[in-house]
Amino acid sequence: AQSVTQLDSHVSVSEGTPVLLRCNYSSSYSPSLFWYVQHPNKGLQLLLKYTSAATLVKGINGFEAEFKKSETSFHLTKPSAHMSDAAEYFCVVSDRGNAGNMLTFGGGTRLMVKP
Amino acid sequence: DAGVTQSPTHLIKTRGQQVTLRCSPKSGHDTVSWYQQALGQGPQFIFQYYEEEERQRGNFPDRFSGHQFPNYSSELNVNALLLGDSALYLCASSLYMGEKLFFGSGTQLSVL
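Residue numbers (my numbering), protein chains in the order written: chain A, 702 to 816; chain B, -6 to 105.
Excised from the complex, chain B in its bound form (with noise of 0.2 Å):
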């Protein structure tokens, strides 16, 4: 039984590109959440997708933006990188908006 997996697990951008990562929750999951962590800090919420729609969401701007996919798959998109948003990118699956998460091992995104 497959656990989180996202895609890529390294990237680099430059300042002012787009980035896509890629989340696939645990088999049986319905919900995911993405979340920011910044070197040296606690993760952060960006967001929750549950049936296609984003159902609550963090202090992030309109910069980052999300998707869900009807085989509970998800993307996280951000515009117009800033050196700011160089952090580990976590998604994390739970069944129906649940409190148990499982993480994946992330994606550690670099802007240079």
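Extracted from the complex, chain A is given alone in its bound form (with noise of 0.2 Å):
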């Protein structure tokens, strides 16, 4: 069985600093890591996939994350936050069953942006 952890559950920033949002997850095999941001009233958008073959991923609005095999974790960080980042953030592993695939969700972190 695979899980994620997110390490925490509401994270603040003044405007124009970094965001660093922890994550740790569990799997028996390399698995496909992703970041998801959900907006009020939106649906999920994908941030940004994992799957082997670079350890830093680039992913959409300045955002990347670091796969780190040895302290299983995949933290997502952003050089400077713009209030348009306020939204809930999730980190997500893969698992390829026998037919088909289903996404593990951690229970999500809250980024607020102080102007």
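I should point out that these hints are in silico values taken from the structure, not numbers from a laboratory. Keep in mind the model is a prediction, meaning the values are calculated, not measured. C-beta atoms are modelled at their ideal positions from N, C-alpha and C, and glycine is treated no differently. One or more hints might be untrue.
[Unchecked claim] Computed list of lysine-lysine pairs in DSS-like fashion (alpha-carbon distance at most 30 Å, straight line):
1) B:K93 <-> A:K759
2) A:K769 <-> B:K93
3) B:K19 <-> A:K759
[Unchecked claim] Pair ranges (Cβ atoms, derived):
4) B:R8 <-> A:L757: 46 to 54 Å
5) A:P816 <-> B:A31: 28 to 36 Å
6) A:L721 <-> B:K93: 19 to 27 Å
7) B:G(-4) <-> A:T718: 26 to 34 Å
8) A:Q746 <-> B:D23: 15 to 23 Å
9) A:R811 <-> B:P54: 27 to 35 Å
[To be verified] Partner residues are not named here, just some residues of chain B that face chain A (Cβ under 8 Å, in silico):
10) G51
11) K93
12) G97
Hints in hand, dock the two standalone chains.
In structure tokens, the structure reads:
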């Protein structure tokens, strides 16, 4: 079985300062890992995806994440927060079963950006 | 190009009733997955449909059932509703059971 733990339920930063959202995963094999963002009253949007091609993954809107196998971590970062980044962020691991695949979501981190 | 569309956007039911939620996948996609997102939690996988068959199922009781039609659209049915079924139900589509999912905005179900 695989699982995802997001270490902070809420993160508050000031606009223009760096963002760090922490994620640890558990998987019995080489996982596919994702970060999704959810704005209020909107669907989930894929930020980035890791599939073993490179440990540092660049996503949309200036976000990036680094896969560290030794630490079983996949933290999401952004050098400078913008007000529009305020949203719920989910770290996700993919399980490809015998037929089909399912995503296992972490509990989410709510990012608040102060002016 | 329309993305994933879900209907209705909001629904209120009472305990014991049955409900049907609908989803149209993104154009060109053939796989539909359903997720339940309780308030303050991450989404949980319910099941996935491809070629009109349930391909994988999460830890949900048989009260939750689904269907996929030849045009790839899908329905989620929940029987004998419980208060705990109140949640945002998300539909996601992909191509050939791929990992890159596109999500709809969801149906907010309230069970009173």
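- Task: State the violated hints by number, sorted upward, taking the hints as numbered earlier in the document.
- Result: As far as the earlier hints go, not one is violated by this structure.
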